[in-house]
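A.B. asks: Based on the hints, put chains B, C and D in the right spot on chain A.
Below are the chains, spelled out letter by letter.
Protein chains: 4
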Amino acid sequence: MDFNIIRCARAILHVTDLDASRKFYVDALGFIETESDAEHIYLRGLEEHTHHSLVLKKAEKPCVETLGYKVQSNADLEALSLLFEEEGHQTKWLENGEQHAIGRALRVQDISGLPLEFFADIEPAERLLQRYDLYKGSRMQRIDHFNCSVSDVERASAFYQEKLGFACSEYTDTSDGDIWAAWLHRKQTVHDQAFMNGVGPRLHHIGFWLPDPLAIIHTCDVLASMGYGNSIERGPGRHGLSNAFFLYLRDPDGHRIELYNGDYLTSDPDFKPIRWDINDPMRQTFWGHAAPDCWFNEASAVMDVLTGEEVEQKPGKLKQHKPTFVI
Amino acid sequence: MDFNIIRCARAILHVTDLDASRKFYVDALGFIETESDAEHIYLRGLEEHTHHSLVLKKAEKPCVETLGYKVQSNADLEALSLLFEEEGHQTKWLENGEQHAIGRALRVQDISGLPLEFFADIEPAERLLQRYDLYKGSRMQRIDHFNCSVSDVERASAFYQEKLGFACSEYTDTSDGDIWAAWLHRKQTVHDQAFMNGVGPRLHHIGFWLPDPLAIIHTCDVLASMGYGNSIERGPGRHGLSNAFFLYLRDPDGHRIELYNGDYLTSDPDFKPIRWDINDPMRQTFWGHAAPDCWFNEASAVMDVLTGEEVEQKPGKLKQHKPTFVI
Amino acid sequence: MDFNIIRCARAILHVTDLDASRKFYVDALGFIETESDAEHIYLRGLEEHTHHSLVLKKAEKPCVETLGYKVQSNADLEALSLLFEEEGHQTKWLENGEQHAIGRALRVQDISGLPLEFFADIEPAERLLQRYDLYKGSRMQRIDHFNCSVSDVERASAFYQEKLGFACSEYTDTSDGDIWAAWLHRKQTVHDQAFMNGVGPRLHHIGFWLPDPLAIIHTCDVLASMGYGNSIERGPGRHGLSNAFFLYLRDPDGHRIELYNGDYLTSDPDFKPIRWDINDPMRQTFWGHAAPDCWFNEASAVMDVLTGEEVEQKPGKLKQHKPTFVI
Amino acid sequence: MDFNIIRCARAILHVTDLDASRKFYVDALGFIETESDAEHIYLRGLEEHTHHSLVLKKAEKPCVETLGYKVQSNADLEALSLLFEEEGHQTKWLENGEQHAIGRALRVQDISGLPLEFFADIEPAERLLQRYDLYKGSRMQRIDHFNCSVSDVERASAFYQEKLGFACSEYTDTSDGDIWAAWLHRKQTVHDQAFMNGVGPRLHHIGFWLPDPLAIIHTCDVLASMGYGNSIERGPGRHGLSNAFFLYLRDPDGHRIELYNGDYLTSDPDFKPIRWDINDPMRQTFWGHAAPDCWFNEASAVMDVLTGEEVEQKPGKLKQHKPTFVI
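Protein chains in written order, with full-length UniProt numbering: chain A, 1 to 327; chain B, 1 to 327; chain C, 1 to 327; chain D, 1 to 327.
Hints listed in this document are in silico derivations from the structure and should not be mistaken for laboratory results. There could be a bad hint or two in this list.
Remember, identical chains collapse to one label, so a pair may be satisfied in a single copy or spanning two.
[As the list claims (entries may be wrong)] Pairs of lysine to aspartate or glutamate, DMTMM-like flavour, derived with a Cα cap of 25 Å: (1) Lys136 x Asp27; (2) Lys136 x Glu33; (3) Lys272 x Glu33; (4) Lys272 x Glu123; (5) Lys272 x Asp121; (6) Lys136 x Asp253; (7) Lys136 x Asp19; (8) Lys314 x Glu162; (9) Lys23 x Asp133; (10) Lys272 x Asp133; (11) Lys136 x Glu126; (12) Lys61 x Asp17; (13) Lys272 x Glu35; (14) Lys272 x Asp221; (15) Lys58 x Asp17; (16) Lys23 x Asp280; (17) Lys163 x Asp268; (18) Lys272 x Glu126; (19) Lys163 x Asp2; (20) Lys136 x Asp221; (21) Lys317 x Asp173.
Quick caveat, the model's predicted, so the values are computed rather than measured.
So that you can see chain A by itself, here it is in the shape it has in the complex (with noise of 0.2 Å):
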């Protein structure tokens, strides 16, 4: 490959009530707020250099504008627009200076019809990492992966290891063989990237990484204490899938962040994915805790990189259910 993805690197989400999405973004789980106007709010953890890996922009609707990828250099995003329109997807160039506080970016809709993002140069802001007198709430550290339900997860996991270059830590499958779920990464992570079978293209969640498992009961404890109680969706607990401690929270608009710490390495060549079965009672939740049905069912709408419309959704491929131990 002519070009090298780095990393997950950031996310924007139409929100319609921006100053409800800094009371729970930054007044309850901690998040610092580098920059905002009247339109945006421009959000960066603390181990984060960067000026920022959510943006949150006021909307009439909830939806997701992108999913951004850093890349190593700009010329990778040429030959990414290359990749892109043999393959067949409708890019799109915002230029620098287009886009405040990012370079020049490429817009793709990918093979699920997901909004990606790439980029190479975004400015660099203060590290606060040992500013331990500002950690609060959840002591959020980094953005960590995306986790998008798409119609055809076979299709969109092959497309991203060959055509992209991600790999593959662990998988689902049914006992048909079929790929149920993917999770690939650039980084050396468990993902940057994860694809369940489902209603699509939507973004499941946005992850974000912790400092230990304490900052997560912590976090659960301050969002009660603000009244925050029902933005708790499901943990917390361990995946047996990834190895993570996680809780999922909804924020005032419905999008779905997942907090997360505790997954693994994943520098090593011949580390070979691991397989879960779809009925395996381990592999959501290691403790063998079922998740709510809104975890399954609810998920963001993304937009068209062209038009600024939502993309329409297809079902999911393969058959919808939940795993049979949970009925």
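C.D. replies: For chains B, C and D alone, kept in the frame of chain A given last:
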């Protein structure tokens, strides 16, 4: 009062398979096995300087033989015997030597039909608090409390406060002002004894104290890795009531235990009992999670101190309902 | 005894710069500031339901004005007054209204010259235990104990046990069988009051209770990030004696405080006090770390309850030496 | 470059008593013993999917036989051989089958005289990450880094960056602008390899990754309870440099290991290496604690890859001094 009840101190549970129980309590949860014979396993926590706090006794079917309280001295037993007889309760003496590792003991059927026991003397055992090399599983430190389902909470908790000298730390009442549940203590923690309205007399659970919140998370991980995922009934979570970080487990016979950390000191006579409304969603789980039906409906039968038969159960006096927020 | 001392309850420390003290205790350590005026700052922990447990009082030079114990009722104050007068100690009454937020109080110079205070009434304050949104810094929960350097530990600890009703949980003795240090309690923790052989009467430190071990590590991180690295005098570490995970800090005036988690329940009358040999390297720090000289040599002067002057100090009766393993 | 070094992967340490080593590494620290024979113990961490990351080899005296790096493929070995030969370094091939569980390996004496090894193939082993029932002691997860004392840090770190493709995450320089120490990585953590100015070539320590900060505290408790208090050389503490929470131990032969948690992701090519001034008191220990002299002065000798003799040592090029703040 002419006696001084120190604390909840031990329970005797009838179990149907000692080996299965040992695997659960000793191998998985890390209870210390002080001693055992063909009919009994005697268990204690790492902090305990006494022979045991839990006796598992081989029997045909699961049952609670007794809930034992330690008192200041043997003279207190006479005073307690007098009190219970005056109040019309059945009592029974077990003389020194009749029970292994326990001195003279008074057993009584309390006002709700619960099989209590009082004793002053128990054999000492090596305290293993600083034998960190022996820590495993849940790192259980000490017995903390009994929680019982009784048909008339108001009457039971009045007796414990007025006649036995317990203090109330927290309680739940209904919109009609009826006491739904009460947390009562002798030692300076939130409780030695809790009562909840329901079918009774039954033991809902025995609470054990852990050293820190991560020990609870590790317990889940260990249980799951040993195939005990189904034993995890509820949690981990934070109780609104008591503020404890908790986990509820069902042992191989269905007896429920709670692993528990993070309540507070209740030394002060001017501490005002904390009132919770039964419909406050933060009361049971501060984070708003609902408890499963089995947690509400299932509990262990208790034994008649004289006949050895199971005590007949009556429904809760207050209309049995889960809090409305759960519906 | 005709009185019931409940627990160590508050201290008044003279400090030279209230703003510097507030920055340390409130901004860095997260103590709750209940109230303040030009001369005082009243602080409490997140668990405390009473107005304050620490008063910082503006003065020309640092000193300890009083170490306060809560008693069961005002009648107990009369009984205590009688006892101390019979024993030949100076006493002084501060009537209701003379001290802010505190009812009638008895002050006495104790057998070692320490300025004690007893009171039954203190204004209530909102308990913030479940206001997790206010947790910061050390997440301090409650005052735990006083540790004092006195010239005759044996005499002091005999008085506290025989006349005041304290129980001994642990103690250190020398190879000659002399008591080098003693840990005494009224509430059911390892101590309310410790005595160590040394130049006295002086306050060595006040202990405050934290919710878990990670709170101690986070305190170090926060202090360092705010430029308070020099305030960390000793630790974090595990005490052999008491089993607590500890951190010793020096406030801006040099008063020493201990942040503390992980001792054990001392409810049982038949608990045998634990003996430590002064030369056991695990006694002070279970892991074997030596304490710095300043920790052994420096402590806060105390005030005469009648004259308001600093109490004259005498050397420790036992030969002042650090444990031999440190040499 | 025509090769891809993946990560630091294993070390072979010569030890004088395998039983003493096993007691320390396996019984106390909880390393997994994959296999052993009369001359070797092969150890791995709970996260590792490869046969071992540490080999303890019976020998007359303690020494470091080799520091091993995993590379992408066997073809990389040829390219590395070429590079080192061109640069005038001695190399030695160990063919497939010559070393247990390891494929073809290239050994070289690096620019500082350190005995490196490169290999692509290592036997797989069951990954025990989710066998929480086997967790004990330190719960060691995986090997993290090598830290070596060398006489010319600037030269060594230039070679690793320019010829071997390492990136620098953090470094220390003196007031004269000389590089005192450098932290270099291939995998996306703070380091695989650190160099510090000093008598060299020597191995200062091997770093191992733990799952959370409490695992480090528990390690101290377990070591102390097993009589290994003297093995704790420094910490626990927070490094300024790397931000890791650390503990330094000396094994029974004096080899130093670091238990380590809490550094950060180093995936980004535009991450600016962090500069620390040698006299910054927060560099070594963020909280300001000084390291003991032995930590500065003592380290393990290394072996000549051809002769098997100890490599002669030279003093550090920069004047050997501890940071001035320590004086």
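A.B. asks: Which numbered hints does this structure break?
C.D. replies: none
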